[in-house]
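Protein chains in written order, with our numbering: chain A, 1 to 356; chain B, 1001 to 1356; chain C, 2001 to 2339; chain D, 3001 to 3573.
None of these hints come from the bench; they were simulated from the model.
Mixed in with the good hints there might be a few duds.
Straight-line C-alpha distance at most 20 Å; calculated EDC-like pairs for lysine to aspartate or glutamate [stated by the list, open to error]: (1) D/LYS3539 to C/ASP2315; (2) A/LYS57 to A/ASP21; (3) C/LYS2186 to C/GLU2325; (4) A/LYS318 to A/ASP340; (5) B/LYS1243 to B/ASP1279; (6) B/LYS1020 to A/ASP15; (7) C/LYS2261 to D/GLU3073; (8) D/LYS3539 to C/ASP2298; (9) C/LYS2305 to C/GLU2281; (10) D/LYS3062 to C/GLU2325; (11) D/LYS3184 to D/ASP3258; (12) D/LYS3158 to C/GLU2281; (13) B/LYS1074 to D/GLU3473; (14) A/LYS325 to B/GLU1175; (15) C/LYS2192 to C/GLU2281; (16) A/LYS59 to A/ASP21; (17) D/LYS3354 to C/GLU2035; (18) A/LYS104 to A/ASP115; (19) B/LYS1325 to A/ASP115; (20) D/LYS3158 to C/ASP2155; (21) C/LYS2154 to D/ASP3104; (22) B/LYS1167 to A/ASP106; (23) A/LYS113 to A/GLU208; (24) B/LYS1130 to A/GLU133; (25) A/LYS177 to B/GLU1307; (26) D/LYS3354 to C/ASP2235.
Where chain D lies over chain C, by a calculated footprint (3+ residues, C-beta under 8 Å) [what the hints assert, rightly or not]: (27) 2031 to 2039; (28) 2049 to 2057; (29) 2064 to 2073; (30) 2102 to 2115; (31) 2176 to 2185; (32) 2260 to 2268.
None of the values given here were measured: they were computed from a predicted structure.
Note that CB positions come from ideal geometry on N, CA and C, so glycine has one too.
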Amino acid sequence: MKAVHINDVSKKFGDIVSVKDLELDIKSGEFFTFLGPSGCGKTTTLRMIAGFYYPSKGKIYFDNQDVTTLQPNKRNIGMVFQNYALFPHMTVNENIAFGLEIRKYDKKTIKEKVDRIRELVHLGPYGTRKINELSGGQQQRVALARALVIEPDILLLDEPLSNLDAKLREETRIEIKRIQSELGVTTIYVTHDQTEAMAMSDRIMVMEHGVVKQIGTPQEIYHRPNNRFVATFIGETNLLTMKVQSIEDNIITVTNDNGLVLQGLTENLAPGLQVSNGDEVFISIRPEAFENGPGENTVTGIVELIEFTGVSVNYFIKWNDTTLKAMIISRGTAILQAGDMIELHIPKQNIYFLGE
Amino acid sequence: MKAVHINDVSKKFGDIVSVKDLELDIKSGEFFTFLGPSGCGKTTTLRMIAGFYYPSKGKIYFDNQDVTTLQPNKRNIGMVFQNYALFPHMTVNENIAFGLEIRKYDKKTIKEKVDRIRELVHLGPYGTRKINELSGGQQQRVALARALVIEPDILLLDEPLSNLDAKLREETRIEIKRIQSELGVTTIYVTHDQTEAMAMSDRIMVMEHGVVKQIGTPQEIYHRPNNRFVATFIGETNLLTMKVQSIEDNIITVTNDNGLVLQGLTENLAPGLQVSNGDEVFISIRPEAFENGPGENTVTGIVELIEFTGVSVNYFIKWNDTTLKAMIISRGTAILQAGDMIELHIPKQNIYFLGE
Amino acid sequence: EETTNESTQGDSGTTEGTTEENASGKLVIYTGRDENMVQGVIEKFNERYPDIEVEYMTMGAQQILERVRGEKANPQGDFWWGGTQAAMMVAANEDLLLQWDPSFIDAIDPLHKDEQNRWVGEMLLPEVIMINSDVMSPEEGPQDWDDLLDPKWKDEILIRGVLASGTMRTIYSSMIFRQGADDPSKGYEWLKQLDANTKEYTQDPNALYLKLARQEGSISLWNLQDILLKKHTTDYTFDFIYPESGAPILVDAVGIVNNAKNEENAKLFMEFLFDQETMIELSKEYYQIPTRTDIAADAMPDWYKELDLKSLEIDWQVMADKEAEWMEYWDTNIKGKGK
Amino acid sequence: MSKKSVDTYEASWWSRLTQSRYFVYILISPLFLILFAYVIYPFYSTFIQSFAGDNQLANYQKFFSLESTANLEALWNSFYISIISVICCAVVGVMMAFLLERYDFPGRRLLSILVLVPMALPPLVGVLSFTFLYGESGIFPRLFQQMFQLEDVPFALKGIWGVIVVHTFTMYTYFYLTASAAIKGLDPSLEEAATSLGASRIRVWRKIILPMLTPSLIASSLLVFMVSMASYTAPLMFGVERTMTMQIYLSRTNGNLDMAATQSTILSFVSITFLLIMRWYQNRRNYQNLSKGISVHRSEVSSKPLKYLAVTLSFIGTLILILPILVLILISFSKDGAWTIQILPTEYTLDHYKALFTDERTWRPIWNSLQMGFIATVGNIIFGVAAAYAMVRLSFKGKTALDILITIPWALPGTVVAVNLIAAFSTESVFTFNQVLIGSFWILPLAYFIRHLPLVFRSTSASLMQLDQSVEEASRSLGASWWYTFRRIVIPLTLSGVLAGTLLAFVQSIGEFVASILIYNTSTIPLSVAIFQKLYAFKFGTACAYGVLQIILILIVLIISERLSKGSAGSAI
Ligand SMILES: Nc1ncnc2c1ncn2[C@@H]1O[C@H](COP(=O)(O)OP(=O)(O)OP(=O)(O)O)[C@@H](O)[C@H]1O
Ligand SMILES: Nc1ncnc2c1ncn2[C@@H]1O[C@H](COP(=O)(O)OP(=O)(O)OP(=O)(O)O)[C@@H](O)[C@H]1O
Ligand SMILES: [Mg+2]
Ligand SMILES: [Mg+2]
């Protein structure tokens, strides 16, 4: 229910710069996700928004109000901590009710709300358990319930589902999403699960070493990465360094020393990227871009390694000294063996050109 | 390097039964995974193997030696704890070197080994950091490094990668796998990430409420689930209750009240399941079992909801009052809108029959 | 080893010397007396008996009692030097003291020693009125016990905590006795009035001295010896008034611990302590009033001669019987209720 | 690089033994043995004696009879003085701990040492300095009297409140030490979680910090409650004579040993009841840090004004708390008898120190006390830490008994403890290796050890309760033996708690008087007795100067321990 505006914020710990010159606008009611490798500054940013760290530089605004040094308890946020931070001396119910009591709900309402949310995170019968008698995932769910139940203006979730199984994660995800859209809570989400990020987010910020690499919708981030880092970090990709051979109409032909020749469309150039003949460009091909059999950009190679992942089979294909990873949906049918020949093709619109 | 044999083990906390009548054989050098919903008893089992809990009933053997009540430090295990359990008063290096010092390696070797493993988990420059100056994921990597570096006989990993980003997770996964197969360490792995479980494990055990539901290879578990729980828990599936209409040759035709008719193969009956005409059976259809366009078991319906997950698009399709989830690989092309008609089909061999 | 050498030499040197002078070994004294004095006496004692190694430990009378009591099975101390009559009686009744007749025993008033000679009074302690001479001269102060009840002394009187102090218990009991032992109610009434004038009961003698010196009050009841010692040897401005009607006179006693390891040496020490010479010297230097009745008056110091040791008529037996009861009554019904 | 593994399993009788369910009883048996030898054996006689006589309950009947209510009154006085003392000490101690632990400012480390100094206040001369401060003729009353030209002094510390003030000033360190150890070990993310849920500072304190400090608060409550129950000098000094200890003293003076035993038994019964209630309260909840990973320490203090407030408060607080010490120093430099009706002494002198420094006998007691205190404290550490570990981490039957036995010597008045020890150890016994301890050097350290049993035990177990058990498990899983784990993991992480108890035990040993006076001998005169002797001879200034020496000595110990704890005992999270 509040927009968050982060204005040129940096955070240092001694000499270590955790977040650098961060500029960010999160709209009211938006579901915003921080993505980035471990240690890139996600938690630090979140903690600055929550008020547990003060920026070394810059300002943070909720709507138009400067909250840079406002006390955390005045911010009406709900936060799931990466380490849960549950109150070990309280039961599950007491933990969840904590925020409600502060908000002075009457006993009955508190009980109702606590019971409801506990059901929701599948902790129905655990109300009177002590925290140290819960499993890791159960603890995480208590942390989540505690933050959700207060229906805050801003919800800060630091990997809130990391210890849950896929089923539960999905259910909880849907619930978070529901609360978020029903109440219009501005939600900032940190996760390592890209599928999750893609599925839930209105927009995503990708960070590296404390610096923003790209901000955009999931589709933009996935299909139109601004740079190599984003391309390789989000989803898997085959990244090739190639030279522009020719640009004709809207078709770019690239080649490399191994004799690979590929064709792509100019509309797939990264924003701001200009290429001309002879330029070096990076090519990103998603493993799932491959299609069975011959066609545009046919790839014929030897299967080096096979990975079975349930939904699909990953083939690592050696093609003229370049190894490409291709993902083909598995249907329980016979899988190729390492050493087998394979023929696939890459539709032109599935090839992306990146600058740096 | 040791086989683990768990003989009819139960564990109770007061009245709460966490693990019940567990019977399990893990072969020497095997990579074995525990899968199951949060709170199903994975950690408890792991802790019994490590020696932090004594079973309330039953025995545990390493090779042929009864270790049920052997002290943890005599077991030569390496464990990554779900909550990391790092030593807060030591630096990263000291944490990692702890087990090596106990094994009385000389200083130089220790330094070498520590440096190597630190590089491996991408904590190269963090050797002298204090633990509380690390991010969540970095802490998890220290925990992992600490357990790996001692090259134990048995490696117990309790969600060791839950706080890492996909990239790093994959690299680390490969590294774990490498150490495991190079040294032949018996590895017991707990994860919520099914892809991970599928990709890495020799065998998987699926648990629910402290009870084993199925033990088998990833392919068996995924494609030949023994029961409804496993089918729905592992991967996503459309589970339908249907009646057997006819069994002809190796083709079973089933139908339901909504007028759905589907055909499958007898070879896809769950182990031990016998059906005859008029019986009620459960049908499991994986979302990725759907293929574009008409064919065997054609499904024509209205798209109710669309989920974009990066690699693929999930369609929730309403077909005669039944909602089915279908997953179609996305290629950045235009996606259908909710309300659109869609036509897909399900190849016969992709339909599975389950009893309970 | 050297000591043994010397003593054997001594032995051979003075073959005719009495066995006593050759006495050797240890002597452990538990004392409640002033440390300087104790040291002085022991030095003198060692001049006579150089081979006796004397150890002393300074404690309060109550602590000595506790200690002797605890060590009953295996006594560590030999000689108990300085204890109130009450403490000595308790100890004697618990069989902690040796029954022994020293050479001077007849020179001591039967009132001042145990019937069975398990303890013997060493000095007399008249309990008198103590004043701060900065605030008033002896002439201005209360001249007798009854004067203390004068309202003009309200909040001027400081009293050492009564129950914990043998001295104070005796004073208070004698006040009751003075009003008639058969019916203590008159005595209680008297004490009630005293209580009304009493500003405070202090925890210990030191607190009493300090408060008196700092003029939190100006009058107290205390024993003569301590007052004189403070008056003459320190900068504190204390003085005393000897009550006209006489003072209760307490006995400070000594005894030998039953089954003491160094019983013989303890006996030697006791003899030495009661030696006329020692007693005169102690009264000169430490204002002690000896119990021995056979010391020539001329030999005594001037302060003693000036003193009219008028004693309150007291039946100690009655006192001893009633004290506990009276004090308990005082404690529950009178203390702090006078106001 | 060959691969090494830990010593593994061998099927020997030893491993069979160590794996037995009952092995834990072998582990804890030394604890019970020590308790049997040095607590049960000396103290049971008191208990038995309380039932002496034809009618075994006669003494108890008398105690509770309504005819003479002195005993009951004493019990009630002692009880409620103790309760109020606990509350006051808790407020002061926890507040100081909070101010000094939570805010960083220049001079904080100095203050955090100074704030401990009051526990060094020598018992005999120490209490007197309160009279000099707040008594009728004390500095403050007289100051106000003069300032406002009053007829009488406006106030004077008297009665129950006097007792409570003295108790607060001398015993808050129990709370301060254990609470600051616990605050150090508290997971900062809990507070953050609470604030993120909207809790104000006060609520965070009420609902999170204080409850999480429960083990340490309970530990110190127990200690303070029991010393207050057994406190003697303070009530006496302020004229509250009707207390349990006074009753015991009187009974002993009157030679009524049975009654004294009864009173002692009842006194310890009350303390034990208090202990059991506290135990029950504490066991209802869990206080172990559970967070995943190690939380980030909050590196910032939120608002500037708040910080300055904290600085000012802790400065003023410390100053007030060390005032008695300052007065003691003042007296040690002022001429005996010259300070009468003035606010401050008028004549100063170095004579008292001269007297001390020219007397070669001055140093012997200091050395004695150091030596004996050291021995006793080492014993306390070994026993206390082991017992705490057993109590918190092992599971066995008889925990309550262990707790009670450790507590008894602390709950009884010093005199009773000493007298029991004398009686028990004045003859040869197996527990003393057939030696007579009375009269020997060893009886004093033994007495200190026994009397201070609960100090290290309590503060250590409070710290242990906070420590996340899984770090121990992690160490075991890496092949560390129990002992190695204990040394490298448990001790460093509970160091602040152990250290707190150690300091308390050591300082108490240096200052112990009541028992010492009954069992010292000429070659083992402890410092406290030496001071007493000066006082007894009414060399008041010299006694104070001696007391100042003791304070300096303890100050040195405090500084050393501060150095020791620096860095290593950061957190127990
Ligand atoms: N000390 C305990 N006392 C009581 N119950 C406990 C205790 N420890 C665990 N449990 C219960 O036992 C069950 C299994 O716990 P366990 O930690 O093994 O789960 P898990 O499979 O590891 O789950 P997760 O994936 O959430 O970590 C849970 O329901 C938990 O609540
Ligand atoms: N208190 C601190 N002192 C010093 N460095 C710190 C501190 N806290 C964090 N850092 C460093 O700042 C960087 C960013 O940390 P942060 O916790 O924000 O990472 P993150 O993106 O949340 O990572 P993860 O996904 O692993 O939780 C890390 O490299 C970390 O080591
Ligand atoms: Mg983080
Ligand atoms: Mg778990």
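Evaluated hints:
1. The suggested pairing of D/LYS3539 with C/ASP2315 is violated, with an alpha-carbon distance near 37 Å, which exceeds 20 Å.
2. For the proposed pair A/LYS57 and A/ASP21, the alpha carbon gap of about 8 Å is at most 20 Å, so the pair holds.
3. For the suggested pair C/LYS2186 and C/GLU2325, the alpha carbons sit about 15 Å apart, so the restraint of at most 20 Å is met.
4. With a CA separation close to 11 Å, the supplied pair A/LYS318 and A/ASP340 stays within the 20 Å bound.
5. With a C-alpha separation of about 6 Å, the suggested pair B/LYS1243 and B/ASP1279 falls inside the 20 Å cut-off, and the hint holds.
6. For the hint linking B/LYS1020 to A/ASP15, the alpha-carbon distance of about 52 Å lies beyond 20 Å, and the restraint is violated.
7. The hinted pair formed by C/LYS2261 and D/GLU3073 fails the criterion: a straight-line CA distance of about 44 Å is larger than 20 Å.
8. Straight-line distance between C-alpha atoms of D/LYS3539 and C/ASP2298 comes to about 33 Å, which puts the hinted pair past the 20 Å bound.
9. Annotation: proposed proximity of C/LYS2305 to C/GLU2281 holds, straight-line Cα distance about 15 Å (limit 20 Å).
10. For the given pair, D/LYS3062 sits about 15 Å from C/GLU2325 by alpha-carbon distance, which is consistent with the 20 Å threshold.
11. Of the pairs offered as hints, the one joining D/LYS3184 and D/ASP3258 is violated, with about 47 Å between alpha carbons and a cut-off of 20 Å exceeded.
12. Our distance criterion of 20 Å between C-alpha atoms is broken by D/LYS3158 and C/GLU2281, whose separation comes to about 43 Å.
13. Only pairs whose Cα atoms come within 20 Å are accepted, and B/LYS1074 paired with D/GLU3473 is accepted, the gap being roughly 13 Å.
14. Pair hint A/LYS325 plus B/GLU1175 holds up; C-alpha atoms about 19 Å apart against a cutoff of 20 Å.
15. Only pairs whose Cα atoms come within 20 Å are accepted, and C/LYS2192 paired with C/GLU2281 is rejected, the gap being roughly 41 Å.
16. Restraint check for A/LYS59 and A/ASP21: satisfied, since their Cα atoms lie roughly 11 Å apart, inside the 20 Å limit.
17. Distance check on the hinted pair: D/LYS3354 and C/GLU2035 sit about 19 Å apart at the alpha-carbon level, within 20 Å; holds.
18. This hinted pair checks out: A/LYS104 and A/ASP115 have alpha carbons roughly 17 Å apart, not beyond 20 Å.
19. The suggested pairing of B/LYS1325 with A/ASP115 is violated, with an alpha-carbon distance near 31 Å, which exceeds 20 Å.
20. Taking the CA atoms of D/LYS3158 and C/ASP2155, the gap is about 15 Å. The hint holds against a cut of 20 Å.
21. The hinted pair formed by C/LYS2154 and D/ASP3104 fails the criterion: a straight-line CA distance of about 54 Å is larger than 20 Å.
22. Of the pairs offered as hints, the one joining B/LYS1167 and A/ASP106 is violated, with about 47 Å between alpha carbons and a cut-off of 20 Å exceeded.
23. For the hint pairing A/LYS113 with A/GLU208, the CA-to-CA distance comes to about 39 Å; that exceeds 20 Å, so the pair is violated.
24. For the given pair, B/LYS1130 sits about 29 Å from A/GLU133 by alpha-carbon distance, which is inconsistent with the 20 Å threshold.
25. A C-alpha spacing of about 13 Å is found between A/LYS177 and B/GLU1307, which places the hinted pair at or below 20 Å, so the restraint holds.
26. At most 20 Å may separate the alpha-carbon atoms for a hinted pair to count; D/LYS3354 and C/ASP2235 meet this at roughly 18 Å.
27. Given as covered by chain D, the region 2031 to 2039 of chain C passes the check, having 3 residues with a CB less than 8 Å from a CB of that chain where 3 are the minimum.
28. Coverage of the region 2049 to 2057 of chain C by chain D holds in this model, with 3 residues showing a Cβ closer than 8 Å to a Cβ of that chain against a need of three.
29. Evaluation of the coverage hint for the region 2064 to 2073 of chain C: fulfilled, as 8 residues show C-beta separations to chain D shorter than 8 Å, against a requirement of three.
30. As drawn, the region 2102 to 2115 of chain C meets chain D at 0 residues by the rule of a beta-carbon pair under 8 Å; below three, the given contact is violated.
31. With a cut-off of 8 Å between beta carbons, the region 2176 to 2185 of chain C has 0 residues touching chain D; three or more are needed, and the interface restraint is violated.
32. Counting residues of the region 2260 to 2268 of chain C whose CB lies closer than 8 Å to any CB of chain D gives 0, so the stated coverage by that chain is violated, three being the minimum.
Of the hints listed earlier, those the structure fails to meet are numbers 1, 6, 7, 8, 11, 12, 15, 19, 21, 22, 23, 24, 30, 31 and 32, in rising order.
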